[in-house]
Amino acid sequence: MSRLDIKNPSRAQTVLENLYRDVERHIEASPPGLCPVDMAHAFLQMCHAQSCGKCVPCRIGLGQLSKLIEQVLDGKATMATLDIIEKTARTIVNTADCAIGRDAARLVVDGLEGFRDDYEEHIKHHRCLAGLEMPVPCVALCPAGVDIPGYMALVGEGRYADAVRLIRKDNPMPVACAYICEHPCEARCRRAMIDDPINIRGLKRYAVDNAGEVPQPACADATGKKVAIIGGGPSGLSCAYYLALMGHQVTIYEEKNKLGGMLRYGIPAYRFPREKLDAEIASILSLGIEAHTGITVGKDITFSKLQQDYDCLYIAIGAHQDKKTGIPGEDSKNVMSAVEMLRAIGDEQMPDFTGKKVVVIGGGNVAMDVTRSAVRLGADKVTCVYRRRIADMTALPDEISGALAEGAEIMDLAAPVRIESDENGVAKALWVQPQIIGAVDKAGRPRPNKAALDEVRLEADIVVVAIGQGIEIQGFTQAGIPIKRGTFVADSAAAVGDMDDVFAGGDCVTGPATAIRAIAAGKVAAANIDEHLGFHHEIRVDVEVPAPKLNNRPPHGRINTTEREACERKHDFEDIECGLTCEGACTEASRCLRCDHFGYGNFKGGRIEKW
Amino acid sequence: MVTLTIDHKTVTVPEGTTILEAARSIHLEIPTLCYLKDLNEIGACRICIVEVEGHERLVPSCNNVVAEGMVVYTNSPRVREARRVNLRLLLSQHDTKCTQCTRSGNCKLQDLCNDYNLLGDHYIKDLRPVPEHFDTPVIRLDNRCVKCMRCIQVCDKVQGMNIWDLIGTGSRTNVGVAGHRTLADSDCTFCGQCITHCPVGALQEHDDTGKVFDALADPKKITVVQVAPAVRAAWAEHYHLDPKFATAGRMVTGLKQMGFDYVFDTNFTADLTIMEEGSEFIERFTHRDRYTWPMFTSCCPGWVRFLKGQYPRYTGNLSTAKSPQQMFGAVAKSYFAQQLGVEPQDIFVVSIMPCTSKKSEAALPTMNDVCGDPDVDVVLTTREMVRMFRGEQVNPAVLPETPFDSPLGSGTGAAVIFGATGGVMDAALRSAYWLVTGSNPDADAFTAVRGMDGWKEATFAIPGAGEVRVAVVSGLGNTRKLMRALDAGEVSYDFVEVMACPGGCAGGGGQPIHDGKELAEYRGDVLWDLDKNAAIRYSHENPDVQALYRDYLKTPLSHKAHHLLHTDHFAWKMPNQK
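Line by line, the protein sequences give chains Z and B. Residue numbers for the first sequence follow this note's numbering, so the first one is 685 and each next one is one higher. Residue numbers for the second sequence follow this note's numbering, so the first one is 17 and each next one is one higher.
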C-alpha cells in the first residue's frame, strides 16, 4: 500500500471523457422543431445521473421531477401536476447543496416559464406543439432557405454553374454570401454528430469561383406594375431581383455613389473583393433593373412622390448612422466613426494612416473590420479597446485571430473614459478605465465593472468609434413609417403597419444584422409585393439535384479554407482567403449527409422546389 | 446503364434504379414493410437493409440507388440479424393480438415475423395508452400502427388532403390527425385510401357487421340488401377466384344463404340516377343562365365531402340527385314497401359498398326522406361482407348462381360502369343524348372518358343541344388540381364527374386489400367487360326503371322524384364549415 498514488485516468474514465465530447456535439447539432418538454426531461435525467446522492432535493427530487414530467409527456398529468412540478423544482433550486441539483432544477423552472404552452398542450390535449416544418437543419437555419444539400451535391459533381443557379432560386447574391456569409447553416449541421459541420460557405465559394459567368434566367412577361426600392444594399437588390424576374418594373434609389450597401460601405475589400461585388451587382441589374445612385429619399425626392409614381415601395435603407460613445473629447479632430471610415474606403478614398497610432473602440465585427483596415492603411500601431473580455466579443473568432495575426493589439477589459486632445483640438490619446468582469446579466453575458485600478493612457493619433449603427429615419418619420426602438416596424411579411403599398426589410427593420438576413427579407418582400400586386408568380429553377450516394460515412476531418500569410496580406486590400482546392472541395462535398434525402428529409419536406 | 452484382448474380439496370428494384428485376425478393413504390420510399422500417461490399454499415435498399460495380448481398448473417432485431423492436410496440385483428392473414408484419421465425419475446412490451375514437367510418388503432407513414403519404401525395401527419418527436412520435384535430372534427373525406394502403390493421373501417347479423336474426325485419357495381369485381379476391367465375350471381347466392330476404342491385338505382341526373343536366344545359357551371356529379360521398370542405362555394354546382345508394334506400322504403304492403320501418336496408365514405353518407341528417329513419340502415364495405361470408362459412367456390331479386335487382351495362372512373359520365351521356334527340347514340361513342388517366377531358356534340364539354377526374389530388384550374378560370366545362378514389369505386377504400398492388384498373376492366356484354346498355331502357316511373314516380324530376331522389347539399355542414 503506497502512501500516495499518481493519478492515472482509468480506461473507463477516458472513454467517458470522449463520450462527454460526443454528447456535446450531439446536443450542438440538435435539429430544429424538437419537443421542448421531452428535451427538458432528457436533460433532467442526465443531470440526475451526475448527482452524488448526498442531499435529498437532488437525489430524490430530480427523480420525482423526472417522473412527473414523464406523466405530462404520457398524457397522464393534470394541471395540478404542473403546480407540483413547479413547487418541487423551486424547492430544489432553493435547497440543493451544490450546482448539480440547483442548476438541473433551474432548467425545469426556466422551461415552465419559457414553454408553458407546450406543457399545457401535453396535459390538456395529449399532444405536442412541436413539429418539423423544415427537417433539413442547414436549410431550416438559412434565413433565405437556400437548398444547401442540393448545391453541395452539385459541387461534388463539378456542376458549379448549376450550383449557382440553384442558390439564386432563393438568394440572388451567391457570390457575396460565398465570401462573407456568417453561415448560420453550419451551426446545426448534422455532420457535427459524426465529426464537424460541413464547410458550407467554403464550398459555395468554390462554386462561384469556378462557375464562370452564369447568365440570369429570363424574366416573366411584363406586368406593367412599377415598384421602387429605397436602398441598393443586399436587401434592396434581392427584392429588386425577384420582382424583376416576376415581370415587374423595378427602380432602385440609392443614397450613396454606388450600389452594394454594407457589402461595399461596411465590408472591407480584403474580405469581399470589389470586382466580385461589382460583377454580382451587374448581373442582378442585367434583368433590366433601373438604379439611381446619389439620390436621398426625403431630400432629393419625397417619399410621397414615390408613393404616387409607383404601385409599391420597398424600404431597405440599412443601418448607416454611427452611434456615439458620448465620452468627453469625442468631437476632437481625428476622431471618426467606423461608418465614416468604411464609407470613404468604399468610395475608394483611402485615408492615410501611415505611421499613425490608431485606437479602435468596440468589440464587434465592424470593430475588427476597422482594426484590420487600419493595419492595411499603414498604421504604425493599431489597438482595439473593448470593455469586456476577448471571449465576450461579438466579433467572429476568426476575425479576432486574424486581426491579432496581422499585428493588431486587443486591449480588453478597458472602458473608454475620455479623449485627450492638444491645443488645436487634435486627438492625442484615449484614456481608459480598467474593468473587472462581473455578474452575468439577463441576456447571459457577464457585465464589466470598474476595477480598482488607475486609468490608463493610450496614445492615439486616430480614434475610430465602432460601437454600432443606427437607422437614418429622417424623411421616413414624416411619411408615417412606424418606428420602434430606432428601427422601422414591419411584420413577418415585411409589410409596414397599415400602409398597404409599403414594405420594409433588412437592417433598417432588424437593426444591424447579417447580409443573408437582409437578402432573405428582400426575398420575402418580393413574394408579398407580387401577391399584393395581384399576382402569384412562382420562382423555381430547372436544376436536377444528383441522387445521394450511400450515407455510410466514417468520421473525417473538415476541410477548412486557408488564409494568405498575415505578414503579406496586412499590406494590401486583396482577398485574404484562399478558396478550397478542387481536391478539398470534392472531399468536403462528399461529407454532406444529404439530410434532404436521408432521415426525415425524403419523407417530408426535403426540398422546397418553388416559392 | 449500371451493372452490379446482387447475391452473386450480375444485373444491369438503368441509372437511378434502387437496389431493391434492381434485385426484383432478377426475381430476388428483398423483404419490405414500409415501402410502397413511388409513394413511400423513405427507409423507415429498416427491414429492406442489405449488405454492400465496402460499406461498414448496412444499407436500406429502397432508397439507395445502384452504382457501377456494386456488390450486394440481400441475405447474410448480419442482414438477417438486423431484420430480426428490427422486427422484434416493432413487435415490442405492436399489439400482437392477431387473432382479434381484421388483417390477420393479410398483414405485412405478420408475414415478416412468420418468415423470420421469431420465437419468444426479447424486449419489454411497450404499448401506449392512447385514446381511441370509434365515431368515424375510418378507425385508427394506435397500438397496431408500425409508423410506416404510408397513410400520411397516400393522403398527402395521392389525395392531397393532408389529414394524417406525424405528431410529436422523439420516443413519443406518433401518427395522428394534422392540425391538432380529431378525425371526427377534421375535413377528412373518409375515402379510406389510408386503410387500403396500411400494411397492418392500424387503420380499418368501422365494423358494422354486428348490426346486420342482428337485423337478419330479427323476425320482424324484412332485410333488403343492395350491392354496388364495383363490389362484384372484387368480392371473391379473398378466395382467389377469377372474376369470370366469381359472378354477381354467386355473390347473390351467398347473401341469400346468410338470410337476406331480398338481394337487390345498386345498378338499378344507378340507372335511376342517370334518369334523374341526366334530366337535371339537360334542364340546366338548356337553361344555362339560371345555373352556375359546371354541373358536378354527386354520387361519390368522398367527393361531396371534399367539395363542401375545400370549395364550399361550389356546393350549388353539385347535381341535386342523390347517389345510387341513397336512391335505393328511398325507393326500397317507399315504392317497394308499398308493393309489399308493409311500413317503411319494417324494412331494413343494408348496402354493400366498395367505400368507407358511404357510411358517412347514409348517416347524413338529410338522408331520411321516407319516414324519418335513415333510408339506408347500415353500410358495409366489401371487406365486411367477405368477413360475414367467412363467419357464415359461405364458400363461393361451390355456390351456384342466383339472379338478383325483382323489381330492384335489374341493371343495365350503363349502370355497372358506375364503379369505374368515367363510367357515370359515359352512362349519363348515353341517356342525355337520348333525352335530347330521342334516339340512342352508339354505346361506345364516349370512350374518351374511360381509362386510368387522372384527369380526362372531352367534348361531345348532342344534336339539338350543342357541344357538351366534359371532364372526368379520379383521386382527390387530381380533383384539387381541377378545382384550382376551374377556380382560376383556366378551364371550363359543362359536366364534371369526380370520384374520390384513384380509378373510381373499383379502387375504393372499402375494397379488399392486397399489399403493394393497385387493382382499380383490373377491376374496372371487369366492369367495362360486363357493360360490353350486357343485353341492355342504356339506363333509360331498364324496364324496371321504366315501370317505377310509370307506376310511381311519373317522370324524372317530378314532385315525388324530387322528394325521394334529390337532396339539399346545403342542409348539412362539414366539421370545418362555419
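Keep in mind the hints are simulated off the structure, nothing from the lab. Note that the Cβ used here is the ideal one computed from N, Cα and C, for glycine as well. Check the hints yourself; a few may be wrong.
Label pairs and their calculated CB-CB ranges [said to hold, decoys possible]:
id	chain 1	residue 1	chain 2	residue 2	range
1	Z	Met877	B	Asp201	34 to 44 Å
2	Z	Lys1126	B	Phe150	46 to 56 Å
3	B	Tyr255	Z	Glu817	23 to 33 Å
4	Z	Lys691	B	His138	55 to 65 Å
5	B	Glu534	Z	Glu797	45 to 55 Å
6	Z	Met877	B	Val101	19 to 29 Å
7	B	Lys53	Z	Gly717	54 to 64 Å
8	B	Lys53	Z	Glu817	43 to 53 Å
9	Z	Thr765	B	His138	46 to 56 Å
10	B	Pro416	Z	Glu817	54 to 64 Å
11	B	Ile42	Z	Lys1233	14 to 24 Å
12	Z	Glu817	B	Glu299	29 to 39 Å
13	Z	Gly717	B	Glu299	49 to 59 Å
request  = Give me the numbers of the hints this structure contradicts, sorted from smallest to largest.
outcome  = Those not satisfied are hints 3, 4, 7, 8, 9 and 12.
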